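**Student:** Keeping their order, the protein sequence lines are chains Z and H. When we follow my numbering, the leftmost residue of the first sequence carries the number 1, and every step to the right adds one. When we follow my numbering, the leftmost residue of the second sequence carries the number 1, and every step to the right adds one.
Simulated from the structure, these hints should not be mistaken for laboratory data. Everything numeric in this text was worked out from a predicted model, so none of it was measured. Watch out, some of these pointers could steer you wrong.
Any copy will do: because identical chains look the same in the list, a pair fits if it lies in one copy or spans two.
Keeping only pairs whose Cα atoms sit at most 25 Å apart, straight-line, the calculated SDA-like set for lysine to any residue is [what the hints assert, rightly or not]:
| hint | residue 1 | residue 2 |
| --- | --- | --- |
| 1 | K401 | S75 |
| 2 | K401 | H80 |
| 3 | K369 | R187 |
| 4 | K332 | D413 |
| 5 | K212 | Q17 |
| 6 | K369 | D224 |
| 7 | K212 | P169 |
| 8 | K332 | G159 |
| 9 | K312 | L18 |
2 protein chains.
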Amino acid sequence: MTTPDMEHSAIIARRTQLLAPTYQLFYEQPLQVVRARDVWMYDEHGRAYLDAYNNVPVVGHCHPEVVEALTRQASILNTHTRYLAELPLQLAEDLLATMPREISNVVFTCTGSEANDLAVRISKAVTGGTGFIITDYSYHGVTDVLSGMSPEDGPVGPGVYTVPSPGAPEGPAGFAAHVQNALERMRSDGIRPAALLVDTIFSSDGVFSDPKGFLAEAVRHMRDAGGLFIADEVQPGFGRLGEAMWGFQRHGVVPDIVTMGKPMGNGHPVAAVAARPEVFAQFARGRHYFNTFGGNSVSCAVALAVLQVIHKEGLLENARRTGEYLRRALVKLASRCPALGEVRGAGLFVGVEVRSDGAGTRASALATKQVVNAMRHRGVLLGSTGRGGNVLKIRTPLTFKIEHADTLVQALDDTLQAQREAPGGD
Amino acid sequence: MTTPDMEHSAIIARRTQLLAPTYQLFYEQPLQVVRARDVWMYDEHGRAYLDAYNNVPVVGHCHPEVVEALTRQASILNTHTRYLAELPLQLAEDLLATMPREISNVVFTCTGSEANDLAVRISKAVTGGTGFIITDYSYHGVTDVLSGMSPEDGPVGPGVYTVPSPGAPEGPAGFAAHVQNALERMRSDGIRPAALLVDTIFSSDGVFSDPKGFLAEAVRHMRDAGGLFIADEVQPGFGRLGEAMWGFQRHGVVPDIVTMGKPMGNGHPVAAVAARPEVFAQFARGRHYFNTFGGNSVSCAVALAVLQVIHKEGLLENARRTGEYLRRALVKLASRCPALGEVRGAGLFVGVEVRSDGAGTRASALATKQVVNAMRHRGVLLGSTGRGGNVLKIRTPLTFKIEHADTLVQALDDTLQAQREAPGGD
């Protein structure tokens, strides 16, 4: 139900006046946030909201050890990588220690978009190809070239071939055949393949995690055709999937290029591209790459602190355990609520299908929106995703505990019950 | 003179092992920096170096008020722009207050590259064109599309037309005619113009600041042909040129799009695109743009603090006054040193031509390198720029004082004298 937002009319008016109309707000009644701590965000009246949406604050909002590392380094030195310094090397070491040994070199950037954009540049330079395969509702970033590789946001660019996601009727088992088919289309168009680029949890497509391993055959097809495999770990990376630090590890494949971003600095803009050294070496022939802020002293100190907290607080294991508990509770809820369908995901990246009485995908998308908005009023922040807009997107800080999972599931239960009692309401 | 860097061999070896070979180090004997304050950087032995190169720490390294703003906000909240918040609006207001009233909307990004990349996307969407005009040794960023608009780094991409910089024999007065000529080439190639994209101080081309106003006619030509004017203020912006906050203001033109970055957060990754509202409005039709870290709470708090320090400490006026003093002292030095040629620039963005006894541009580039390396050993950090690599690039923090200018000029005088006395040495 839309609530007229009288309370926020002044700030919304200023926003409309000052910011470009490209900006969007969450929720029918937008939320003003003034502070946050761990898994909680607070509005201007001091009301607490359980954050089950933001994947960026991976170790919890305003984690004191991360803030401390940020402050300490910002007071001492913040400079770039054209001087010698220990920090970027320590960070590279700690990052690479979480990867298969074949991935042994790093380049730092500031955002996941910059990382994916660089991966695209590298793929083109290394293969001499211009053909990319992506899933048909994926999102990979906001730069000019990536906006053409983000069908969630708009039409794809030249040389970009889309394949149905693992959520298509053929399922994950059909994924490799779709990639093979796209390679054939590419060949008949006279386009040389550059790379298969996938988000290893297929977030925008609707969260498709299982069965583990279904990616491997698709990767083989791309490599046989001379292209690379780029694992976009911007959303699934840094332990979110519980079973491994990186989504590609669940599929038993070793990428040529790995990109990462969002959670890397717990909100501080830091991102990276890791790759096989021979891939970087070929790109580097006659080319340098300098990113002014990429790998700066402060960004490195922050990213190091985040990695340390993930290890020290056992957040990978917590994501696995709490995620499993949460999914089990959601499956149980779904078994008695016809409005909920399949529960998917791994660790603390969860997707829940929403079903509607009305026919068609539009009705399901509307029903999903209603749930998201109602949950906001009940103090739990979620999002929606998927080609049909019919999947609840749940990505909590990795410090999420059993009690938080209980709060989330109870609020969802109450929301669905209220909607059953007053259809169209809540 | 190349000094074998035994001292740093271990850290250099680790760097080679961990980072991609795309990374480069400054100086024949690379510098390890462990802390910095105001205009000084310190190596691991505590030796101080006068920073006359880094344009990012615009209010001085580790400015306490900027660190304080960073710390305070990072402890309270760091989130994105899909919730309502005051900080991005305050920052937009303070930024727009420095611009002509026609420029009244902002989008936040994290880096100058992201800002220029978005400006390119916007220009294409708004004009329906794909043709861009840039100067022939310019640099505009590292994304896929911008690497094709950065001839300093490599070949230009499709639809990109280069024109000689104001440093060409015809001089600044010939610039508009070159743009007109490029538009004619575009027309005969059947390419519709999208934008004229220039760094308003022509940094990479070799620093060309005067006479003020020479840009205006070129901009008129582009507009008459239906294209936009993008002022790349990533290097000249934020008061560096002394006479105005933005380089385009010295030329008496109002751009359609203004991009900014590097100094905006004094080292923190924050950048922005400001534009005429009708330009953003047209881009926004059917399109949103969400940059996860762009306009986040902490980045906004930091950028606000930087703007406040620039105003409070009168750094625009200091850049004008100290810059004028520095250029005058350099002109005086050049008048008695045949190794120095033209002194160019505005405020604290200064370019000094280096001449060599040897013939050809290669000899001048080598001579410039020798000066830069010798100055590093004398404790003053400079860079080089220009198509011929023969221009000393001096871009100091805007807190640079008369005494620092004296130190720089004295070191340059000593360097050139030592080189005269021992040719090929120092």
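**Student:** State for each hint whether it applies.
**Tutor:** Against the structure, the hints:
1. K401 x S75: Cα proximity of K401 and S75: across copies only (22 Å, versus 34 Å in one copy).
2. K401 x H80: Between copies, since 24 Å is at most 25 Å while 38 Å is not.
3. K369 x R187: Cα proximity of K369 and R187: none, with 41 Å in one copy and 48 Å across.
4. K332 x D413: Within one copy only: 11 Å inside, 80 Å across.
5. K212 x Q17: neither (48 Å within a copy, 32 Å between copies)
6. K369 x D224: Classified as neither; 42 Å inside a copy, 46 Å across copies.
7. K212 x P169: within (18 Å within a copy, 64 Å between copies)
8. K332 x G159: Classified as neither: same-chain Cα gap 44 Å, cross-chain 57 Å, threshold 25 Å.
9. K312 x L18: between (43 Å within a copy, 24 Å between copies)
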